[in-house]
Amino acid sequence: MSFLQPILLIGLPLAALPVIIHLIHLRRRRSVQWAAMIFLRAAQKMNKGFSKLRQWLILALRVLAVAALIFLVSRPLAGGLLGLTGGAPDTVIILLDRSASMEQENLESGFSKRTAGLEKISEAIRSTVGNRSRLVLIDSARVEPLEIEEAEELLDHPLTGETGTAADVPELLQAALDYITTNQSGRTDIWVLSDLRRSDWDAGGGRWDALRGGFASLPGVRFHLLSYGEPVGANMGVVVDGVVRRDTAEGAELLLDLRLSRSERAVEPETVPVRFVVDGLGSSHEVEFRDSQLVLQGYRLPIDRATQQGWGRVEIPGDGYRGDDVFHFVYDEPPVLKSAVISGSPEEVGPLRAILSSPADPSRRHEVAVFAPERAAEIEWDETALIVWQAPIPAGDSILRQQLENHVMAGRALVFLPPEGGDGGGFMGMSWGEWDTGGEGEGVEWWRSDAGLLANTQDGSALPVGELEVLRHRVIEGEGAPLARMAGGERLLTRAVAEAPGSVYFLGTLAGSGSSGLARDGVVLYALLHRALGEGARGLGKAQQRWASATALGSDEKEEWKAIDGREGVLRSDLSLSPGIVQRGDLLVALNRPPEEDRFEAVGRSALDELFEGLDYQVIAESLGDEGSLASEVWRTFLILVGAALLAEALLCMPARRERSVEEGRMEEAA
Amino acid sequence: MANPSKHEYLDSAVLGRLMALPLHARTAMLGSISGKHRSPVKGSSLEFAQYRKYVPGDDTRRLDWRTWGRSDRFYIKEFEADTNLRLCLMVDSSGSMGFGGVGKTRLDYGRRLGGTLAYLAAQQGDAVGMWQVGDRPLEIPAKRGSSHLRVVLDQLGALEAEGETTLLASLHEAAEKIRQRALVVVISDLFVSPLELKSALQHLLFRRHDVVVFQLLEQVELDFDFDRPARFLDMEGGEAVLADPTMVVKRYREAVRLYLREMDEVIATTGVDYHRVKLHEKYDDVLARFLLGRTPKRAAR
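As they're listed, the protein sequences go chains A and B.
Using the working numbering, read the first sequence as starting at 1 and increasing by one per residue.
Using the working numbering, read the second sequence as starting at 1 and increasing by one per residue.
There could be a bad hint or two in this list.
[Stated by the list, open to error] Below 30 Å or equal to it, Euclidean Cα-Cα: the simulated DSSO-like pairs (lysine-lysine) are: (1) B:Lys104 x B:Lys198; (2) A:Lys45 x B:Lys198; (3) A:Lys45 x B:Lys278.
[Unchecked claim] Computed footprint of chain A on chain B, listed as stretches where at least three residues anywhere in the stretch have a Cβ under 8 Å from a Cβ of chain A: (4) 217-226; (5) 231-239; (6) 246-252; (7) 255-264.
None of these hints come from the bench; they were simulated from the model.
Just so it is clear, the structure is predicted and the values come from calculations on it, not from any experiment.
We treat Cβ as the ideally placed atom computed from N, Cα and C, and that holds for glycine.
Could you build the full structure based on these sequences and the hints that come with them?
This is the structure we're talking about:
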């Protein structure tokens with residue numbers, strides 16, 4: 001145990017005060033000349049039992065109360081966190097959620113959840129462990145273990161800075177598990193700093209079982225979860241859903257689809273100044289907010305006719321979460337939304353073609369190309385945003401497979417549908433298993449509604465995934481993030497976990513051929529495919545919208561990217577992590593926070609208990625308003641100890657009820 | 001007769017009031033002279049006792065000639081003898097007898113009791129003696145006469161409470177030393193073991209003494225009504241005791257109750273004339289009660 005004010009421990013001998021006072025009182029007690037010593041001695045002799053013990057108890061409780069009081073004011077930093085439960089561990093791993101939502105800050109103190117949490121963890125480690133343990137930092141943006149020398153480094157280390165990314169907490173824990181297993185790190189304390197966003201924690205995902213099992217098999221691993229689950233006050237955010245440039249009679253203009261939202265549901269109408277910056281020139285416009293959400297469709301911003309390509313941002317007044325007060329955008333001639341369907345089955349092609357050629361956005365051109373599996377090489381790789389592959393997966397050394405991988409690495413989307421026969425091997429850790437036709441009209445039991453292809457719509461309505469009927473499906477093998485599960489727990493839709501800008505999905509059933517109701521109840525399939533198309537389309541054209549992440553700009557070409565829009569201070573290696581505009585050649589990319597970072601649903605305590613069931617863990621729920629150190633937990637413990645000791649002392653000192661006099665006693669005896 | 005006004009602890013008014021109540025012995029006394037008390041031997045009072053056969057050597061003046069005339073046998077007519085008693089005051093002067101306020105100590109109370117009794121006894125012609133029970137034992141044999149009474153009263157007035165009690169030893173010693181039957185009045189707090197006291201009292205009774213016990217107690221000694229912890233100093237020089245009254249009062253009262261119960265058994269067994277006196281009681285009331293209690297039930301001659 002260590003103390004923030006160890007100097008005050010000098011006063012610990014004061015704990016002997018009650019004993020000293022007791023001894024002084026013994027000497028200073030008034031003296032009474034007494035004759036009936038025969039009775040007093042007899043009483044003393046009879047009084048040996050509990051009464052004697054009570055005196056010692058009272059004295060001990062007084063000593064305890066004073067000692068606890070001295071410990072209290074010395075601000076101990078251990079109890080329950082590190083020290084009291086067995087000294088310094090061999091290794092301390094800090095898992096840092098660097099997602100955009102961690103930048104919510106207390107406007108009075110200027111501390112964000114990330115900085116406040118780092119400050120507290122740093123202080124706790126410094127005070128309790130010092131330099132006795134190996135410190136390892138794993139952040140959510142890079143997910144790479146990095147050893148650091150001192151806890152103070154956490155405060156200004158480049159890997160603990162602000163980002164506009166999302167976080168994948170299971171991935172972080174997996175990285176910690178891998179590190180412990182690989183390095184045999186001995187007794188390990190794992191600190192997790194997070195704001196418990198449901199989208200970041202993926203509590204329903206299938207990786208938690210493996211993680212729990214992995215950690216449970218390791219002896220001496222303890223978790224300290226420092227959580228900032230509470231949102232910070234009132235918040236207002238802005239999102240640009242679409243940008244279209246078009247020529248007009250006067251020149252040209254941008255049509256912006258804006259969405260403003262605020263956290264309070266029933267609040268007074270409010271006028272909000274919205275600032276638009278296009279190619280460095282700003283203008284303001286006031287909008288009136290009457291509800292919790294305000295959608296501005298086709299908001300016009302005049303631009304120079306000669307300007308074909310450019311960038312801009314929309315800003316609203318800053319609040320506790322500055323990350324969602326700005327949204328960056330780029331514009332150019334919109335590319336055609338091309339998709340390719342690879343299938344040998346006309347039954348399957350029909351609904352897919354119909355859906356993909358039906359424009360979700362009327363201002364965009366949609367094209368669908370259909371190829372038989374043997375003609376897949378004819379895909380226009382550079383211009384296709386989405387490939388729907390319903391054929392055996394190409395073998396590992398084929399050119400076709402290499403082209404598919406390049407397609408994903410270029411940030412496009414790829415959806416695998418189960419082939420009727422053969423599996424052709426795996427792709428990015430995923431592969432097809434056997435067909436399962438046993439179920440009669442199995443339904444979908446669970447799907448991820450907060451993010452991914454089956455997420456709720458913008459107005460919060462859920463897709464009718466639960467109404468789907470799946471008659472036959474093919475088992476999806478390999479590790480991936482499940483997006484939908486059937487009643488038996490089998491995965492229906494899975495996203496491959498790959499370090500690539502693009503997305504790879506495995507859908508376990510077919511739309512046509514009577515395999516499922518996907519084609520009949522086309523809403524789910526329509527949303528699924530157009531969302532995948534939208535993800536893939538981000539990698540098309542010369543003006544692209546991407547979500548900030550470590551792989552948002554590709555993995556090997558960071559040196560060629562340069563920041564515009566005033567982000568000179570950002571490290572070149574961190575360009576892809578923070579929102580803004582980056583440019584490479586004539587390609588403009590607007591990086592923004594992922595949409596799930598605008599959702600404030602947090603994982604509840606009961607869900608956390610389930611996630612960490614069977615593990616040694618402790619949740620320290622903090623809020624930005626709490627400026628005390630983590631040691632306050634112990635401080636309270638000692639305060640309770642003082643109170644309990646004083647209460648017990650008072651109870652023991654309480655005078656006994658009136659004793660009957662000798663005469664009364666004799667009369668009762670006589671009676 | 002000694003002048004009561006010379007002894008502060010004697011109150012003339014009380015003496016005058018109590019003078020009307022004679023002091024009687026509950027058993028026959030063997031006095032040296034004629035007095036108011038019954039004697040085991042036959043004497044010449046007016047109260048007929050018995051006839052017995054004449055034996056040579058009997059005083060022929062006591063022959064009952066009427067009986068000789070009727071039966072032609074010689075009978076001696078015997079009458080009860082009245083004699084005086086020997087009042088032997090045994091006054092405890094141990095340290096514990098000093099308990100109480102200035103001028104109101106237990107010893108002061110005992111002094112008034114004893115002094116008044118001595119005066120009353122002397123007034124009716126009885127012999128008065130005194131035993132001082134304490135570190136400095138003193139024996140004044142029972143004698144008649146006002147000058148002797150003065151000596152007793154002077155000695156009684158000079159008593160000081162000090163030292164340990166020697167009550168039990170003194171009672172045994174008195175039982176051995178007082179040769180003739182006497183009225184032994186014990187004035188003490190009796191802070192001794194009741195069982196041992198029983199043995200000493202039985203010793204006195206065995207010697208055919210009429211034993212009276214005045215146990216003097218203060219109410220606070222029974223109730224132990226203190227509110228703060230204190231150091232209790234033994235008035236007889238023993239080890240002091242630190243005690244928190246709130247914590248020991250229950251046991252203390254239990255101890256007192258046990259003691260009194262045992263004392264009651266001792267009194268019931270031995271049959272001594274026992275008087276438990278609280279120091280707040282008026283001593284003349286106590287004495288009046290005592291004297292009245294000893295008045296013979298039959299009509300006085």
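Hints, verified against the model:
About 29 Å separates the Cα atoms of B:Lys104 and B:Lys198, which keeps this hinted pair within 30 Å; it holds. Restraint check for A:Lys45 and B:Lys198: satisfied, since their Cα atoms lie roughly 24 Å apart, inside the 30 Å limit. Distance restraint check for A:Lys45 and B:Lys278: the Cα-Cα separation of roughly 27 Å lies within the 30 Å cut-off, and the hinted pair is therefore satisfied. With 6 residues having a beta carbon nearer than 8 Å to a beta carbon of chain A, the stretch 217-226 of chain B meets the requirement of three or more and the stated coverage holds.
Counting residues of the stretch 231-239 of chain B whose beta carbon lies closer than 8 Å to any beta carbon of chain A gives 7, which reaches the threshold of three, so the coverage claim holds. Counting residues of the stretch 246-252 of chain B whose CB lies closer than 8 Å to any CB of chain A gives 7, so the stated coverage by that chain holds, three being the minimum. Here's how the stretch 255-264 of chain B fares: 7 of its residues keep a CB closer than 8 Å to some CB of chain A, so the rule of at least three is met and the hint holds.
Consistency with the previously given hints is maintained throughout, with no hint failing.
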